[in-house]
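**Student:** As a plain string of letters, each chain reads:
Number of protein chains: 2
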Amino acid sequence: MADVMSNLEPDDRVALLEELPGHLTQRVLNSMSSEDQVEVKKLLGYPEESIGRLMTTNYVRIKKDWTVERSLEHIRQYGHSAETVNVIYVVDEQERLIDDLRINQFILSNPTQLIQELMDHQFTALSAFEDQEEAVRMFSKYDRIALPVVDSDGILVGIVTVDDIIDVAEEETTEDMQLMAGMNALERVYSETSIFMMVRKRIGWLLILFLGQMLTVTAMAAYNSMLAAAAMLAFFIPMIISSGGNSGSQAATLIIRALSTDDITLIDWKRVFTRELLSGAILGVMVGLMGFGITYAWIELQPGDIGLSFMQALTVGCSLFGVILFGNLSGSMLPFIMSKVGLDPAVTSAPFVATLVDVTGIIIYFSIAMFLLRGLIS
Amino acid sequence: MADVMSNLEPDDRVALLEELPGHLTQRVLNSMSSEDQVEVKKLLGYPEESIGRLMTTNYVRIKKDWTVERSLEHIRQYGHSAETVNVIYVVDEQERLIDDLRINQFILSNPTQLIQELMDHQFTALSAFEDQEEAVRMFSKYDRIALPVVDSDGILVGIVTVDDIIDVAEEETTEDMQLMAGMNALERVYSETSIFMMVRKRIGWLLILFLGQMLTVTAMAAYNSMLAAAAMLAFFIPMIISSGGNSGSQAATLIIRALSTDDITLIDWKRVFTRELLSGAILGVMVGLMGFGITYAWIELQPGDIGLSFMQALTVGCSLFGVILFGNLSGSMLPFIMSKVGLDPAVTSAPFVATLVDVTGIIIYFSIAMFLLRGLIS
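These protein sequence lines are chains H and P, in that order. All letters in the first sequence, in the order written, are residues 219 to 596 by this note's numbering. All letters in the second sequence, in the order written, are residues 219 to 596 by this note's numbering.
Same shape as in the complex, but just chain H (with noise of 0.2 Å):
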């Protein structure tokens, strides 16, 4: 069979496994190279990204009515070529999954026992068409060495190991951090992108945070008469919404990350909620009283006395507070958002909420301003 297949190519390759039944396509598929294996299991309609994809059909397969001496024969047998045989799938007539047993079971049983004896038909599959994020949170909660993928049916189509899950993961996080640093993931590592695919990944949010931030261009220019006024209002501004990015680029990253190991879950965002108001809060005052010692001290320094140091100092102090907990909150709360619309929670980047933060910070800012300084300033 291995040798009619290697002399087709691929795309007749898959004609004939489509009219194969399931286990004797497995059993073509195991005589394949791997890389034969990665163009048939792409051509079969397992999506990218899908389990299907990451999956290995080297793996070895028992009946229930065959004894422990007749499996470890079969395992003698069948077992070079397996990915592992740490774990080894029982099926049933139809080749559905019925049950995994570890190698352990084998070596530690009577060889004259029946498979059967040993089953407790309790396993954990993944689907092939499921997404490999998938296998990843399932190792990572089971704590495997292999789990079998089956199709709709059932039928046991092949295993997924640990190793494979490590990479995956791996890459997973990766695409997690560009996304949260406000840029679309690389599809391949960094060293193997070109600048112009770098380029194409990072300039569609470069523009759009620059379009957002023309709203801070817009409400400045809504405060130009108190600008003009006092040109020292306008020092301030960096400091202040950098504060409140700042703040929300921690929370934002906390949620995010608390959220993909599902430390939490959506349903926590009131409790969330609470606590980001309560430790936004106690940071805002923290980093508040500092910045209006600062600011005063700052001032003081300044040639020539303008009479405003207490209030522009107070000013800024207050407007600290106020950026730092509205930072907080959204840099907490956007997360939610995304997942609750169906996107990626990783999307509230560290640049999407310090552009949010900078534009509400020149607001809270300027309205503090015009309350404190209104009369001191003509």
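Read the hints as simulated data drawn from the structure, not as lab findings. One should not assume that every hint holds.
No copy is singled out in the list; a pair is fine if it fits within one copy or between any two copies.
Stated by the list, open to error - No farther apart than 20 Å at their CA atoms in a straight line, the calculated lysine to aspartate or glutamate pairs in the DMTMM-like style are these:
{"no.": "1", "residue 1": "K558", "residue 2": "D394"}
{"no.": "2", "residue 1": "K359", "residue 2": "D382"}
{"no.": "3", "residue 1": "K359", "residue 2": "E389"}
{"no.": "4", "residue 1": "K558", "residue 2": "D486"}
{"no.": "5", "residue 1": "K281", "residue 2": "D371"}
{"no.": "6", "residue 1": "K359", "residue 2": "D385"}
{"no.": "7", "residue 1": "K558", "residue 2": "E352"}
{"no.": "8", "residue 1": "K419", "residue 2": "E389"}
{"no.": "9", "residue 1": "K419", "residue 2": "D481"}
{"no.": "10", "residue 1": "K359", "residue 2": "D381"}
{"no.": "11", "residue 1": "K359", "residue 2": "E388"}
{"no.": "12", "residue 1": "K282", "residue 2": "D317"}
{"no.": "13", "residue 1": "K281", "residue 2": "E335"}
{"no.": "14", "residue 1": "K359", "residue 2": "E390"}
{"no.": "15", "residue 1": "K359", "residue 2": "E410"}
{"no.": "16", "residue 1": "K488", "residue 2": "E410"}
{"no.": "17", "residue 1": "K419", "residue 2": "E405"}
{"no.": "18", "residue 1": "K282", "residue 2": "D310"}
Following the hints, position chain P against chain H.
**Tutor:** Frame of chain H; chain P shown alone:
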């Protein structure tokens, strides 16, 4: 032995263990509950985050002059409590590790063969005193289910299994992400961290970054007379410095992650510099052109023609080019510098780069404005 031990206090056990030869220590450890093992391993001096703290002592070890049959008998007898029988370790008379054999080799071999005939004397072992990060790297490199752990004399003291490594890798990624977001890494997961602890982990960087931002205040104050003459200059500052921060945060994340996944190493810094110089220039031109156009249109749409539209828009466009290029270069080079001075590259947080770019961006913007708008603003 186990009975004797279980009647002793942990401190006494350690005293006793320290008197014992290495291999006996391990046997004693094996006989303890896993809670007791944790306690004793701590007391035996394996540092926190070391492989010694991660390893389990529940493994099966055999001698090279045993037959396959005797070995299987031994595995049958002692394998029940072992974390894995997928890999069996061969030790010499001094309990030094001399080889590791996969269980497949036993099952696939003739029962009368001697273990030494199966041996290839090639194995990879971890050191008990090394950092757990090293274990993650080794597992990712060697695709193994378990790796043996030896002490400084080469004596087998435990094994680490891949499922524990997944958890360690996940924790390390979380720590990296938290550093990259401009905060100290949490010791526990988000949901288990108290608000007080959360504030402690976040406030340090927030205050440091705030102090860094005082440089933006000082930088802006230096251009006080220009600002007083043309308040409009101030409108574009948040937009320009944020664009630089965005490009810097993209670059920093790309490089930090590429370094931590061993995609690139420290010696690649020159190649990275060239790449990021080029991609930064391309991104800068694209955002700069768009910035010029939009700013020009935006000023034209404002009520009251001030006749500065073109030059002001040109100033904004050129500044965008400058800050994006500078952000890209500092974001990509800082992780290398951090690494060089012995810090974690992830300390190059997005907020850290953003603060650096904020200060530089203000200087770039006002310098260009001074050059292009000289004489146009009084």
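**Student:** So, for every hint listed, does it hold in this structure?
**Tutor:** Against the structure, the hints come out as follows:
With identical chains, the CA atoms of K558 and D394 are at most 20 Å apart within one copy only, with a shortest distance of 17 Å there and 26 Å across copies. With identical chains, the CA atoms of K359 and D382 are at most 20 Å apart both within one copy (16 Å) and between copies (12 Å). For the identical chains of this complex, K359 and E389 are neighbours both inside a copy (19 Å) and across copies (15 Å), given an alpha-carbon limit of 20 Å. Only within a single protomer do K558 and D486 lie at most 20 Å apart by alpha-carbon distance; the minimum there is 13 Å, versus 41 Å between protomers.
When the C-alpha separation of K281 and D371 is checked against a cutoff of 20 Å, the pair qualifies only within one copy, where the shortest distance is 18 Å, while the shortest distance between copies is 47 Å. Within a single copy, K359 and D385 get their C-alpha atoms as close as 17 Å, and across copies as close as 10 Å, so both meet the 20 Å cut-off. For the identical chains of this complex, K558 and E352 are intra-copy neighbours only, at 19 Å inside a copy versus 38 Å across copies, given an alpha-carbon limit of 20 Å. When the C-alpha separation of K419 and E389 is checked against a cutoff of 20 Å, the pair qualifies only within one copy, where the shortest distance is 16 Å, while the shortest distance between copies is 28 Å.
Taking the shortest Cα distances, K419 and D481 sit within 20 Å of each other only across copies (18 Å), while inside one copy they are farther apart (30 Å). Taking CA atoms no more than 20 Å apart as the test, K359 paired with D381 passes in both settings, with 15 Å inside one copy and 10 Å between copies. When the C-alpha separation of K359 and E388 is checked against a cutoff of 20 Å, the pair qualifies both within a copy, at 17 Å, and between copies, at 13 Å. Taking the shortest alpha-carbon separations for K282 and D317, only the intra-copy value of 9 Å comes in at or below 20 Å, while the best inter-copy value is 35 Å.
Only within a single protomer do K281 and E335 lie at most 20 Å apart by alpha-carbon distance; the minimum there is 12 Å, versus 33 Å between protomers. With identical chains, the CA atoms of K359 and E390 are at most 20 Å apart both within one copy (17 Å) and between copies (18 Å). Taking the shortest Cα distances, K359 and E410 sit within 20 Å of each other only across copies (19 Å), while inside one copy they are farther apart (33 Å). Taking the shortest Cα distances, K488 and E410 sit within 20 Å of each other only across copies (16 Å), while inside one copy they are farther apart (43 Å).
In this assembly of identical chains, K419 and E405 lie within 20 Å of each other by CA distance solely inside one copy; the values are 9 Å within and 34 Å between copies. In this assembly of identical chains, the alpha carbons of K282 and D310 lie at most 20 Å apart only when taken from the same copy (7 Å versus 40 Å across copies).
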